[in-house]
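S.K.: Chain residues, written in single-letter form:
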Amino acid sequence: MKPVFVILRALIGTVFMVSGYSKLTAPFQNFLSVIHNYDVIYGAPATLLAQILPWIEFVTGVFLLLGLWSRATLVSAWFMNLMFVLVLAQGLLRGLPLANCGCFGDSFHLKPAHMLVLDILLMAAIFFLNSRRSEAFTWSMDDYFQEGKTHDAKKSR
Amino acid sequence: MLLRKILSTFMVLALCYVSVGIGQHYKMRPGSQLTRDTEARATGNPYSLIWLVEYVDYQCASCREATSFLKAYLKENPGAIYLQVRLFPLTGHPHGFRSAKYAECAAKQGRFLPFHELVFARQPEWSPLPDINAIFHQYAAEVGIDTAKLDICLEDPAVDTFINDEKAAAKKLGIDGTPTFFLNGKLLVGRRQLEEGLAEALSAKKENK
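Protein sequences, first through last, are from chains S and E.
According to numbering that gives the first Met the number 0, the residues represented by the first sequence are 0 to 156, in order.
According to numbering that gives the first Met the number 0, the residues represented by the second sequence are 0 to 208, in order.
Just chain E, same shape as in the assembly (with noise of 0.2 Å):
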């Protein structure tokens, strides 16, 4: 009977291990692939053998920390890394997809890196408001970016289904929160990783220096 139950106990396990392989597959869908896209949203030297992409919400609070963490990180290491900024807006924050509309918005008038900083230095001032319109064009007009255009590019529902398909495709890389990252490809999340990662990157760039 003890040997019954232990070979009962081993097919229990295998079948926990098959149903955890057939979640992660449909979950995860292991063929998809990070595209080295959005370069209307990119910054640092394309050239750079580290190559980040970083997952954002704009009313999310350690987005903010790990955008300002990414700033000085770039200003110390000047063309060490290429950083790619990608939105993934949070359900459960209202002003999530809003404000990614109006960095997509920025980004197709090539204004997208001032006003990606802009609102994550200034998110404690406008995420408690009701409407955050108002204070989005005024952003916008703080760093260039010409509101009439930005009006009729608000309005236009491919913005939408852009923003849509890239948090779909996050999705299926297995993201599901904010901030992710993707160091060469290597999924890291929260700003801890993404400072040990960095770290590692950067020692290995220099040995093979």
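Isolated chain S, as found in the complex (with noise of 0.2 Å):
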């Protein structure tokens, strides 16, 4: 059973890496307009989330697939999907017109409807992946220091 938590976990790293990956790797404006598209948020605010969400999406799927601080990594990841299905639900409840979600950068897109699905799937498998946390980090960094110190305590014995 652990592979497939490993194999989830990774999975789950790589949504987050891409879509944090392709948005830095464009100019912050790009983000800033989709975010502007949303109707929730603008001026600064808007601009600074455009500048930052994108490291923390795209650092928290480095370490979910690395298996690094694999409780805080969790946690942000929960949050940023609840964030995520939020914005999403008030956009399509409003009717915006939202063409592609933009969740993606220019890699590929989604509509939003179909994103919001995916994130709803992402937040159900977060939590499960919380619940049986020592199987899902197995062959991760965690669980490498973790390892490392109960060897180190043996041997101080």
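Just so you know, these hints were derived from the structure itself, not from any lab.
Each hint should be verified, as a subset may be incorrect.
[Unchecked claim] Calculated pairs, DSSO-like style, for lysine-lysine (alpha carbon to alpha carbon, straight line, at most 27 Å): (1) E/70 <-> S/1; (2) E/70 <-> E/204; (3) S/110 <-> E/170; (4) E/166 <-> E/26; (5) E/107 <-> E/74; (6) E/170 <-> E/70; (7) E/26 <-> S/110; (8) E/26 <-> E/70; (9) E/74 <-> E/204; (10) E/107 <-> S/110; (11) E/185 <-> E/171; (12) E/26 <-> E/171.
Grab the two chains, each in its own frame, and use the hints to assemble them into the complex.
M.R.: What follows is the structure, given as structure tokens:
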């Protein structure tokens, strides 16, 4: 069963990593325009979010893939997904003219309704991974450092 | 062990930073610069301190909004800006490239601006059509374009190359959608950023006087 959890962790990590990287390798104004399209925040907070969020997404993805700081990374990923779900849902409910969700920069385009479903699935998957953290973070950097700690403790006895 | 973990974290973060830098370098080509060409697709005051370049796709609804905003803006502030329109046909739009070809051919006959405005104004009429040639010929005739010359131009592969090159150059500047603008060289995406940018530039211009 362990490989399934590890693959799931890697998949979630990859989604975050691709999403963040595709935005980071384009001018931030492209993502700022996506934020404006959702008609929630404007001005300096929107500009700040456009510059910071892709970094958080990318680093969260990389950390999930490597299995580093697992608890904090899972919490960060879950809250980001919650935010995406709320923003997408309000956009759909208000009937905003959103041709694509803008979640993956110019890498590929998904319709907001499809992305909403994907985000809900991701939230469920992250919740599930968190409940089975010890299995999900097998073959991870956390695991490696944990083993090292146990080994050091045994040696000192 | 905790120290080693913290050090590893910093190493991973540094690698993340480097990989983003490499990605930006290959995608955006920082050496690329915006040039003041495409004079045939320009309007406004060429000596103005505000130089605006607009990248459009004729089938994009947001470009239609932005163009109508700019038309009103130019009317309200005559001579305030120098506007150059560039073509960035989106692959997802079936008539994107064809309409860009018509616009470039209109520019060759010195009738770009009226054609450009008409095509955007009538976008809901032609956009759902399976073939736009007949209706675009009608629009061309309406704005005084010689349709015989237009047909020759539309067959010219050099026009395709010119548009493709313009799009490729735009991609190197980091453009991946429309409408995108460069206001005195500063990148702005979408109408809201344009409105904010223009307001800022205009007030700076007034302060300088």
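S.K.: Compare the structure with each hint and give your call.
M.R.: Results for each hint:
With a CA separation close to 61 Å, the supplied pair residue 70 of chain E and residue 1 of chain S exceeds the 27 Å bound. In summary, the hint linking residue 70 of chain E to residue 204 of chain E is supported, as the alpha carbons are separated by about 20 Å, within the 27 Å threshold. Annotation: proposed proximity of residue 110 of chain S to residue 170 of chain E holds, straight-line Cα distance about 23 Å (limit 27 Å). Between residue 166 of chain E and residue 26 of chain E, the direct Cα distance comes to roughly 14 Å. Compliance with the 27 Å bound is thereby established for this hinted pair.
Distance hint between residue 107 of chain E and residue 74 of chain E is fulfilled; the C-alpha atoms sit about 25 Å from each other, no more than 27 Å. Only pairs whose Cα atoms come within 27 Å are accepted, and residue 170 of chain E paired with residue 70 of chain E is accepted, the gap being roughly 26 Å. At most 27 Å may separate the alpha-carbon atoms for a hinted pair to count; residue 26 of chain E and residue 110 of chain S meet this at roughly 24 Å. Under the criterion of a C-alpha separation no larger than 27 Å, the hint pairing residue 26 of chain E with residue 70 of chain E is inconsistent with the structure, at around 33 Å.
For a cut-off of 27 Å, the pair hint linking residue 74 of chain E to residue 204 of chain E stands: about 18 Å separates their Cα positions. Simply put, residue 107 of chain E and residue 110 of chain S have alpha-carbon atoms about 38 Å apart, too far for the 27 Å limit, and the pair is violated. A threshold of 27 Å between alpha carbons decides the hint, and for residue 185 of chain E with residue 171 of chain E the separation of about 15 Å falls inside it, so the pair holds. Taken as a hint, the residue 26 of chain E and residue 171 of chain E pair is honoured in the structure, with Cα atoms around 7 Å apart against an allowance of 27 Å.
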